[in-house]
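Next come the chains, spelled out residue by residue.
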Amino acid sequence: MHGIDLSADGSRLFSTSYDGGIRFFDLKTKSFSSFRDLATAGNDGLKYYEGCLYGVGANVLKKYTLNKAEDGIIRTEALLSDHEFFNDPRCLHIEAGYLYCLANIEFEPVEFGRGGKRARKAPLSDSYLIKLKL
Amino acid sequence: MLMTITKSRGSMIQIAIYHRYLRFLPVVAAFFFSAGCAHQKASPLFPIKDTGSTHTRAGQSPQSGGIEVIKLETGREFRFKGLAIDLKTEKAYLGSWDKKEIVVVSLKEKRNRIRVGYVEIEHLYRQHERSRGQLETIG
Chain A
3 MHGIDLSADG SRLFSTSYDG GIRFFDLKTK SFSSFRDLAT AGNDGLKYYE
53 GCLYGVGANV LKKYTLNKAE DGIIRTEALL SDHEFFNDPR CLHIEAGYLY
103 CLANIEFEPV EFGRGGKRAR KAPLSDSYLI KLKL
Chain B
15 MLMTITKSRG SMIQIAIYHR YLRFLPVVAA FFFSAGCAHQ KASPLFPIKD
65 TGSTHTRAGQ SPQSGGIEVI KLETGREFRF KGLAIDLKTE KAYLGSWDKK
115 EIVVVSLKEK RNRIRVGYVE IEHLYRQHER SRGQLETIG
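These protein sequence lines map, in sequence, to chains A and B. Mapping of the first sequence onto my numbering: residues 3 to 136, in sequence order. Mapping of the second sequence onto my numbering: residues 15 to 153, in sequence order.
Incorrect hints may have been included.
Stretches of chain B that chain A covers, calculated by requiring three or more beta carbons in the stretch to come under 8 Å of a beta carbon on chain A [claimed, not checked]: (1) 80-88; (2) 96-103; (3) 106-118.
Dumping the calculated DSSO-like pairs for lysine-lysine here, alpha-carbon to alpha-carbon at most 30 Å [to be verified]: (4) B:K122 with A:K119; (5) A:K65 with B:K102; (6) A:K65 with B:K122; (7) A:K135 with B:K95; (8) B:K102 with A:K32; (9) B:K113 with A:K30; (10) B:K113 with A:K119; (11) A:K133 with B:K113; (12) B:K105 with A:K135; (13) B:K113 with A:K123; (14) A:K133 with B:K114; (15) A:K123 with B:K102; (16) A:K119 with B:K105; (17) A:K133 with A:K32; (18) B:K102 with A:K119.
Computed footprint of chain B on chain A; a stretch qualifies when at least three of its residues, placed anywhere within it, have a C-beta under 8 Å from a C-beta of chain B [claimed, not checked]: (19) 33-42; (20) 85-93; (21) 101-108.
Since the hints were made in silico from the structure, they are not lab data. From the three backbone atoms N, C-alpha and C, an ideal C-beta is built for every residue, glycine too.
Same shape as in the complex, but just chain B (with noise of 0.2 Å):
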């Protein structure tokens, strides 16, 4: 009798330990997790490894490997349908489609391991005179 007193008083001692203390532990835990969660996603825009891993293949995540997003920082300004590359001096050359340009964006410059271009932005052609068809050389 006195053993089951004794246990039964261990029990509820125990108990309120763990309400007065424990029964946050969820909470918290929930908390650094999200904390976690939100330091991932506070990180740089686009953190693609470039582990030069096989295929990404259709339906995987695009972080999945073997791929570099490159943002050409020409913002809203232009809309390009034309694309050349000369790998040698790490430019690209875009035509616009609505702007009726072509942009010179250099790919040197890197940034968190992701490209980004906006170091030299050059319009070499501009349509001076649509009604004319005439290209005017700028620079």
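With the rest of the complex left out, here is chain A (with noise of 0.2 Å):
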């Protein structure tokens, strides 16, 4: 498990792991939904607002739409990817209509997957907050 944030209303808790993807957790009856798409794994930072669900990992911020229930994902829109000062990002948070982004966990090029594939060439010399207009 990695990361997790509360519905608005308090009801649902929004979780996400590096192999099982995002997944609904209903508070009151203690159980998940039924949906399930492994496609939506590989965040690290999960965030909700205004009936969406932003996930940040593998040098990629992307936006879940939900539908009305709110236990489902119906689209996904990749915000960005490897954007120039990315290197790992992993947190986030959103707040009167901004998403910031914490861009750089390492200053080091970070490498993703089996390939080694990496990002970035050089190396970054501070931390950088990303502040996106959603």
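Given two chains presented individually in distinct reference frames, assemble the corresponding complex, making use of the accompanying hints.
Structure representation (structure tokens):
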């Protein structure tokens, strides 16, 4: 389990893990919804905001639009992929219509996957926040 | 015949003028063009436009709008994994995973529409004795 967040009314938990992807946990019935999509796996940070989930991991920031019941995902969009300051971003904060993403947890280029894919070539000299208007 | 000769002389003069003065025109144009590019490169490091536009999609230039890059100015001293932001006080709280400290960065200062937060950096907590796991408050 990595990222976790609450729904607006506090009735549901959203969670994400590397292998299982995003899951929906009803706090009243204490059970997961039937939704399961392994394509949603790979996130570290996960935040809920106005009917959507935002996940970040493996150098990609994604937006997941939820259904009306907020127990499933109906649309996935990549908002930022391999941004020039991304170096394994994992944290998100969303408030007042803006998303803040801690762009790098490391300075030296981080390798992703078995192929050793490196999004960056040069190391970073500082830490950066990315502020994105939603 | 005379007309032809005159025309021919005229053309020769034009060619001579071109060779003497205008042949460098492409070079001069290229110089000014490259100077312009160099000027653009020399502008502030992150000339991010806060245009308030909609999402920047994957693959687009990060400068295409709706995005602001905030340099924390904490250098390479800290590596962070935790983030909390208080918009009322405009402070970012960052958890350092390598130094075991929480660093507060003020986001109030703006320069060239780039938020640079280095006005106050406080080390709130320091893990003083790792073996005991005790936290010591500083300041």
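Here's how the hints hold up against the structure:
Coverage of a stretch by a chain is defined here by at least three residues with a beta carbon nearer than 8 Å to that chain's beta carbons; for the region 80-88 of chain B and chain A the count is 9, and the condition holds. Residue count for the region 96-103 of chain B with a Cβ under 8 Å from a Cβ of chain A: 5. That meets the three needed, and the coverage hint holds. Evaluation of the coverage hint for the region 106-118 of chain B: fulfilled, as 3 residues show C-beta separations to chain A shorter than 8 Å, against a requirement of three. As the CA atoms of B:K122 and A:K119 are separated by approximately 37 Å, the hinted pair breaks the 30 Å bound.
Our distance criterion of 30 Å between C-alpha atoms is met by A:K65 and B:K102, whose separation comes to about 26 Å. For the given pair, A:K65 sits about 28 Å from B:K122 by alpha-carbon distance, which is consistent with the 30 Å threshold. Restraint check for A:K135 and B:K95: the C-alpha separation of about 22 Å stays at or below 30 Å, so the hint holds. Pair hint B:K102 plus A:K32 does not hold up; C-alpha atoms about 35 Å apart against a cutoff of 30 Å.
About 39 Å separates the Cα atoms of B:K113 and A:K30, which puts this hinted pair outside 30 Å; it is violated. For the hint linking B:K113 to A:K119, the alpha-carbon distance of about 28 Å falls within 30 Å, and the restraint holds. Taking the CA atoms of A:K133 and B:K113, the gap is about 25 Å. The hint holds against a cut of 30 Å. Taking the CA atoms of B:K105 and A:K135, the gap is about 18 Å. The hint holds against a cut of 30 Å.
Note on B:K113 and A:K123: the hinted pairing holds, with a Cα-Cα distance of about 25 Å set against a maximum of 30 Å. For the hint pairing A:K133 with B:K114, the CA-to-CA distance comes to about 25 Å; that is within 30 Å, so the pair holds. Taking the CA atoms of A:K123 and B:K102, the gap is about 37 Å. The hint is violated against a cut of 30 Å. Restraint check for A:K119 and B:K105: the C-alpha separation of about 34 Å exceeds 30 Å, so the hint is violated.
About 35 Å separates the Cα atoms of A:K133 and A:K32, which puts this hinted pair outside 30 Å; it is violated. Distance check on the hinted pair: B:K102 and A:K119 sit about 39 Å apart at the alpha-carbon level, beyond 30 Å; violated. Counting residues of the region 33-42 of chain A whose beta carbon lies closer than 8 Å to any beta carbon of chain B gives 0, which falls short of the minimum of three for the stated coverage. Here the region 85-93 of chain A counts 5 residues with a CB under 8 Å from a CB of chain B, which clears the bar of 3, and the coverage holds.
Only residues whose C-beta sits within less than 8 Å of a C-beta in chain B count toward coverage, and the region 101-108 of chain A has 5 of them, enough to reach three; the restraint holds.
Checked against the numbered hints given earlier, this structure breaks hints 4, 8, 9, 15, 16, 17, 18, 19; the rest are met.
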